[in-house]
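There are 2 protein chains.
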Amino acid sequence: MRKLTSRLTNHSERYNQVVQQADLAESSNVRWCMVIKPYGFAIRENIQSILDNMFKNTWHYNAYFPLFIPKSFLSKEAEHVEWFAKECAVVTHYRLKNDPSGKWVVVDPEAKLEEELIVRPTSETIIWDSYKKWINSYRDLPILCNQRANIVRREMRTRVFLRTSEFLWQEWHTAHATYEEAEAEALKMIDVYKDFSENFLAISPVVWPKPAHDKFAGAIDTYAIEPMMQDFKALQAGTSHFLGQNFGKAFDVKFTNENNELDYVWGTSWGVSTRLIGWLIMAHGDDNGLVIPPALAPTHVVVVPIFKTPKELKEIKEYIKPLIEKMENIYLKFEWKYTKENMKLRYKIDDDPNKTPWRKFNERELKWVPIRITVGKRDIENGVLEIFNRETWEKNSMKLQEVLEILEKQLLDSQKNLLQKNKEFREKNTYYVDSYQDFAEKIEKWFVMAHWDGTVESADKIQEEFKATIRCIPNKEYLEKDDEWKCIVSGKKSKWRVLFAKSY
Amino acid sequence: MRKLTSRLTNHSERYNQVVQQADLAESSNVRWCMVIKPYGFAIRENIQSILDNMFKNTWHYNAYFPLFIPKSFLSKEAEHVEWFAKECAVVTHYRLKNDPSGKWVVVDPEAKLEEELIVRPTSETIIWDSYKKWINSYRDLPILCNQRANIVRREMRTRVFLRTSEFLWQEWHTAHATYEEAEAEALKMIDVYKDFSENFLAISPVVWPKPAHDKFAGAIDTYAIEPMMQDFKALQAGTSHFLGQNFGKAFDVKFTNENNELDYVWGTSWGVSTRLIGWLIMAHGDDNGLVIPPALAPTHVVVVPIFKTPKELKEIKEYIKPLIEKMENIYLKFEWKYTKENMKLRYKIDDDPNKTPWRKFNERELKWVPIRITVGKRDIENGVLEIFNRETWEKNSMKLQEVLEILEKQLLDSQKNLLQKNKEFREKNTYYVDSYQDFAEKIEKWFVMAHWDGTVESADKIQEEFKATIRCIPNKEYLEKDDEWKCIVSGKKSKWRVLFAKSY
Chain A
1 MRKLTSRLTN
11 HSERYNQVVQ
21 QADLAESSNV
31 RWCMVIKPYG
41 FAIRENIQSI
51 LDNMFKNTWH
61 YNAYFPLFIP
71 KSFLSKEAEH
81 VEWFAKECAV
91 VTHYRLKNDP
101 SGKWVVVDPE
111 AKLEEELIVR
121 PTSETIIWDS
131 YKKWINSYRD
141 LPILCNQRAN
151 IVRREMRTRV
161 FLRTSEFLWQ
171 EWHTAHATYE
181 EAEAEALKMI
191 DVYKDFSENF
201 LAISPVVWPK
211 PAHDKFAGAI
221 DTYAIEPMMQ
231 DFKALQAGTS
241 HFLGQNFGKA
251 FDVKFTNENN
261 ELDYVWGTSW
271 GVSTRLIGWL
281 IMAHGDDNGL
291 VIPPALAPTH
301 VVVVPIFKTP
311 KELKEIKEYI
321 KPLIEKMENI
331 YLKFEWKYTK
341 ENMKLRYKID
351 DDPNKTPWRK
361 FNERELKWVP
371 IRITVGKRDI
381 ENGVLEIFNR
391 ETWEKNSMKL
401 QEVLEILEKQ
411 LLDSQKNLLQ
421 KNKEFREKNT
431 YYVDSYQDFA
441 EKIEKWFVMA
451 HWDGTVESAD
461 KIQEEFKATI
471 RCIPNKEYLE
481 KDDEWKCIVS
491 GKKSKWRVLF
501 AKSY
Chain B
1001 MRKLTSRLTN
1011 HSERYNQVVQ
1021 QADLAESSNV
1031 RWCMVIKPYG
1041 FAIRENIQSI
1051 LDNMFKNTWH
1061 YNAYFPLFIP
1071 KSFLSKEAEH
1081 VEWFAKECAV
1091 VTHYRLKNDP
1101 SGKWVVVDPE
1111 AKLEEELIVR
1121 PTSETIIWDS
1131 YKKWINSYRD
1141 LPILCNQRAN
1151 IVRREMRTRV
1161 FLRTSEFLWQ
1171 EWHTAHATYE
1181 EAEAEALKMI
1191 DVYKDFSENF
1201 LAISPVVWPK
1211 PAHDKFAGAI
1221 DTYAIEPMMQ
1231 DFKALQAGTS
1241 HFLGQNFGKA
1251 FDVKFTNENN
1261 ELDYVWGTSW
1271 GVSTRLIGWL
1281 IMAHGDDNGL
1291 VIPPALAPTH
1301 VVVVPIFKTP
1311 KELKEIKEYI
1321 KPLIEKMENI
1331 YLKFEWKYTK
1341 ENMKLRYKID
1351 DDPNKTPWRK
1361 FNERELKWVP
1371 IRITVGKRDI
1381 ENGVLEIFNR
1391 ETWEKNSMKL
1401 QEVLEILEKQ
1411 LLDSQKNLLQ
1421 KNKEFREKNT
1431 YYVDSYQDFA
1441 EKIEKWFVMA
1451 HWDGTVESAD
1461 KIQEEFKATI
1471 RCIPNKEYLE
1481 KDDEWKCIVS
1491 GKKSKWRVLF
1501 AKSY
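Residue numbers (my numbering), protein chains in the order written: chain A, 1 to 504; chain B, 1001 to 1504.
One chain only, chain A, in its complex shape:
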């Protein structure tokens, strides 16, 4: 195991090291795609299972739609083509055959598809094609449907979890009978993401609407969650779009409303992807490796017996029996706005005789197990166990009974501490500036809250000069009403202090 590069020296290099050394994922021989290794996938499964509960608790359900989209679907109206990615994977043939030499396979030139199929870069066109069949009257609404799927958009510069041509996501596409209901849905779902981000990922994001020039082209409003990474950059990782009747019109989906009139359906869409794992790595990591909030950690507690002979191991196992029995019955309780999780404690006993304790410690410190309990011959003599808290780095010898009493609390505390740290980190590194000069100085590194006149020109100027963008616009609570405020770029009147940052 090599020593990790510091987070501050080269955050990007360090990211790659953690991904590799903690066995999270690897690039594949297929340049477009990543391999999510078992440890990385276990984190993803924990994320997905909690999100799925939150969605079901808010009355949503899952379905599955085709991987392929006929080219004509993306052609329906030229103006909508711009809504979707054009760098994508195009299927043109349907058969391989043996080369005459019999040594390799070639594409059969005879087997050409009549119409090319596009591997879904997103599924609006195909999902709304089904909705058109499903929706006749207001009685068929709302439709609150999600799909978990793999998505392909060709990316030249790939980065595991953050940007790969193939990635996994969930995309929700809802259909409603009224403006109000659809808008409320988009707002509720960004609140669900916020709840999940804070209370499970332990990441405190800024959650405000995107500026009009940076929203999804097919949307009326786009909401996003934008947290600060440890290199002070923003990383958008969840969006919710209020689509108005744009999709209803684009895909010609009408319904009979309660007054027996034909009208276009109202819609929303929202999604999160495997990017969330990239978030976790970049938002929480410390000098020793990965940091994962206990709610999402694949293992909560690892018990490492220190032994030389099978007989010693047997004695240790006998000694820790009450600990194991207790752990079998610990359920961690997470009760938040949209879900109650009653999470069975996930523990492991690592008695592999082929690895030294030192190697076991190192591996677990890098990969993150919140609590490590070690027990050797001398501990038995003294009637104690050694408990190590990976977050606080505290190590204590304690009587068995004491360990049993604090185990659960240490895990729940760690969950809270991580959120608190992340929130403080973001707040501490967000600057409020009122001049272009101050802006120029701070934006090189930090989040900056500054006044903006609402024009694309001013936003573009900042982007050109500093490679920073407006991440989002304060919602009503943050609206300052002082007539004195001026845009830091144009000097014109501003009604908003908005969040500028560099981003991934």
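Treat the hints as calculated values from the structure; they're not laboratory data. Just to be clear, a hint being listed does not mean it is correct.
Claimed, not checked - Within a straight-line C-alpha distance of at most 27 angstroms, the following computed DSS-like cross-link-like pairs (lysine-lysine) qualify:
| # | chain 1 | residue 1 | chain 2 | residue 2 |
| --- | --- | --- | --- | --- |
| 1 | B | K1326 | A | K337 |
| 2 | A | K71 | B | K1311 |
| 3 | A | K340 | B | K1340 |
| 4 | A | K56 | B | K1340 |
| 5 | B | K1097 | A | K112 |
| 6 | A | K340 | B | K1344 |
| 7 | B | K1467 | B | K1486 |
| 8 | A | K56 | B | K1321 |
| 9 | B | K1056 | A | K333 |
| 10 | B | K1103 | A | K133 |
| 11 | B | K1340 | A | K321 |
| 12 | A | K344 | B | K1333 |
| 13 | A | K333 | B | K1486 |
| 14 | B | K1348 | B | K1311 |
| 15 | A | K103 | B | K1071 |
| 16 | A | K337 | B | K1348 |
| 17 | B | K1254 | A | K103 |
| 18 | A | K399 | A | K317 |
| 19 | A | K97 | B | K1086 |
| 20 | A | K326 | A | K395 |
| 21 | B | K1326 | A | K344 |
| 22 | B | K1056 | A | K317 |
| 23 | A | K355 | B | K1133 |
| 24 | A | K308 | A | K355 |
Take the given structure of chain A and dock chain B to it, following the hints.
Frame of chain A; chain B shown alone:
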């Protein structure tokens, strides 16, 4: 809602009706793919969640590998090419662009991939490519890795759930240090499938090895579960392959064993797909529609209040409060060989004022909710509820307290009854024959157990003449040792009575 075709008149037509009317799935405008609708997907989620627990309880874990396979991977050695499907989706280009008219999109001819990518028809080649990197020594083994993924193999004649070009499956690829360990793994996993099939799907399959001429070409042995559908045909829906060192050799994956010698890795692979849902529909359906074992039913209990006014509805809701409170705390316990499920009761109150009770009943009978409870004004006066059991078709008025007492038992009984019925149905419709003439008569419709000399010639003759195949070969327990037995085709000596059947 149209009346369903009888299961006996036209089983195939009836299958399509149930899929459509019960809102399970639909064909899509993309001929290759199906849309799994929310109700169908809910069944799939229940299947998957239980299987996932069973796999994790047997120490397996999940990961994710690329959707695309470079053409060269399928070319590595000509002999192995034959192992995999050649009817597949070939990606040749990576960009769309606007047509000069701006009205539609075309494939950019400039954007041609240097090497074509194949949408995975199965993932052996790409997964073993990773294993090669992961495995050096016996200490890295076993690898017990699964992936849940979408798979594409072009099919000309598609049938929702049973045969579509895109389908969802889980494919396990395990790697081991010894012959014994790998063989034991393949056998254990077919036992897991059998356990799942019997105790959750309530389907009693025949579980024996496939004959050598019908096993997967890359395997030493292939095991399959083969149940009987209601039209007496077989439908293979889960296989487990003991691969020996074939994959280790084909993909050149070696390891240092405990004696410090280099050796090829031993492997297994096994999988089940969305076909399982097709199974369920065809194995259990009755004249009124879908039948789903309670363990997998999206809803266990539906409560239908019979009311005319909001006031009446309010009174009913007040009256059934104790029922709801009780149902909130019911957990159905399923304890089988490989898993313990503590399943929260899934109930729904259907108080939609826009639908008549008659329509609600009909819908639920077709889609299958095991227990329906209705309650109207007169029931309140009499202090009763009406409880309807969809499996037995029994309807009873009972006091609230009595309902509470029998609810759980009725569900668990129904689970057992369905398995019992299915087992009896298969046994009753399996014939033991000893002459070609008897065989010819029975094989037109039923499962037939008959003697076979073990040659491909005899198997081929049966297939040509009757379109029936050898589904599997009895394992040791079924081996008859009588020297008198003769193959029904050749009259030569036979050591096995094997299962012949027509199949999907």
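Hints, one by one, checked against the model:
For a cut-off of 27 angstroms, the pair hint linking K1326 of chain B to K337 of chain A stands: about 24 angstroms separates their Cα positions. Between K71 of chain A and K1311 of chain B the alpha-carbon distance is near 54 angstroms, which puts this suggested pair outside the 27 angstroms criterion. As the CA atoms of K340 of chain A and K1340 of chain B are separated by approximately 22 angstroms, the hinted pair is consistent with the 27 angstroms bound. For the hint linking K56 of chain A to K1340 of chain B, the alpha-carbon distance of about 23 angstroms falls within 27 angstroms, and the restraint holds.
Note on K1097 of chain B and K112 of chain A: the hinted pairing holds, with a Cα-Cα distance of about 20 angstroms set against a maximum of 27 angstroms. The straight-line distance between the Cα atoms of K340 of chain A and K1344 of chain B is roughly 14 angstroms, inside the 27 angstroms bound, and the hint therefore holds. Among the hinted pairs, K1467 of chain B with K1486 of chain B is consistent with the structure: their alpha-carbon atoms are about 22 angstroms apart, no more than 27 angstroms. A hinted pair counts as satisfied when its Cα atoms are at most 27 angstroms apart, and K56 of chain A with K1321 of chain B qualifies at roughly 23 angstroms.
Between K1056 of chain B and K333 of chain A the alpha-carbon distance is near 22 angstroms, which keeps this suggested pair within the 27 angstroms criterion. A hinted pair counts as satisfied when its Cα atoms are at most 27 angstroms apart, and K1103 of chain B with K133 of chain A qualifies at roughly 25 angstroms. Taking the CA atoms of K1340 of chain B and K321 of chain A, the gap is about 22 angstroms. The hint holds against a cut of 27 angstroms. Our distance criterion of 27 angstroms between C-alpha atoms is met by K344 of chain A and K1333 of chain B, whose separation comes to about 17 angstroms.
Using a Cα cut-off of 27 angstroms, the hinted pair K333 of chain A and K1486 of chain B is violated, with the two alpha carbons roughly 66 angstroms apart. With a CA separation close to 20 angstroms, the supplied pair K1348 of chain B and K1311 of chain B stays within the 27 angstroms bound. For the suggested pair K103 of chain A and K1071 of chain B, the alpha carbons sit about 13 angstroms apart, so the restraint of at most 27 angstroms is met. Between K337 of chain A and K1348 of chain B the alpha-carbon distance is near 22 angstroms, which keeps this suggested pair within the 27 angstroms criterion.
Taking the CA atoms of K1254 of chain B and K103 of chain A, the gap is near 24 angstroms; set against the 27 angstroms cutoff, the hint holds. Distance restraint check for K399 of chain A and K317 of chain A: the Cα-Cα separation of roughly 16 angstroms lies within the 27 angstroms cut-off, and the hinted pair is therefore satisfied. For a cut-off of 27 angstroms, the pair hint linking K97 of chain A to K1086 of chain B stands: about 7 angstroms separates their Cα positions. Between K326 of chain A and K395 of chain A the CA atoms are separated by roughly 21 angstroms; this keeps the pair inside 27 angstroms, and the hint holds.
Under the criterion of a C-alpha separation no larger than 27 angstroms, the hint pairing K1326 of chain B with K344 of chain A is consistent with the structure, at around 24 angstroms. Restraint check for K1056 of chain B and K317 of chain A: the C-alpha separation of about 23 angstroms stays at or below 27 angstroms, so the hint holds. Proximity of K355 of chain A to K1133 of chain B is assessed by CA-CA distance (about 20 angstroms); at most 27 angstroms being required, the pair is judged to hold. Simply put, K308 of chain A and K355 of chain A have alpha-carbon atoms about 11 angstroms apart, close enough for the 27 angstroms limit, and the pair holds.
Checked against the numbered hints listed earlier, the structure breaks hints 2, 13; every other hint is satisfied.
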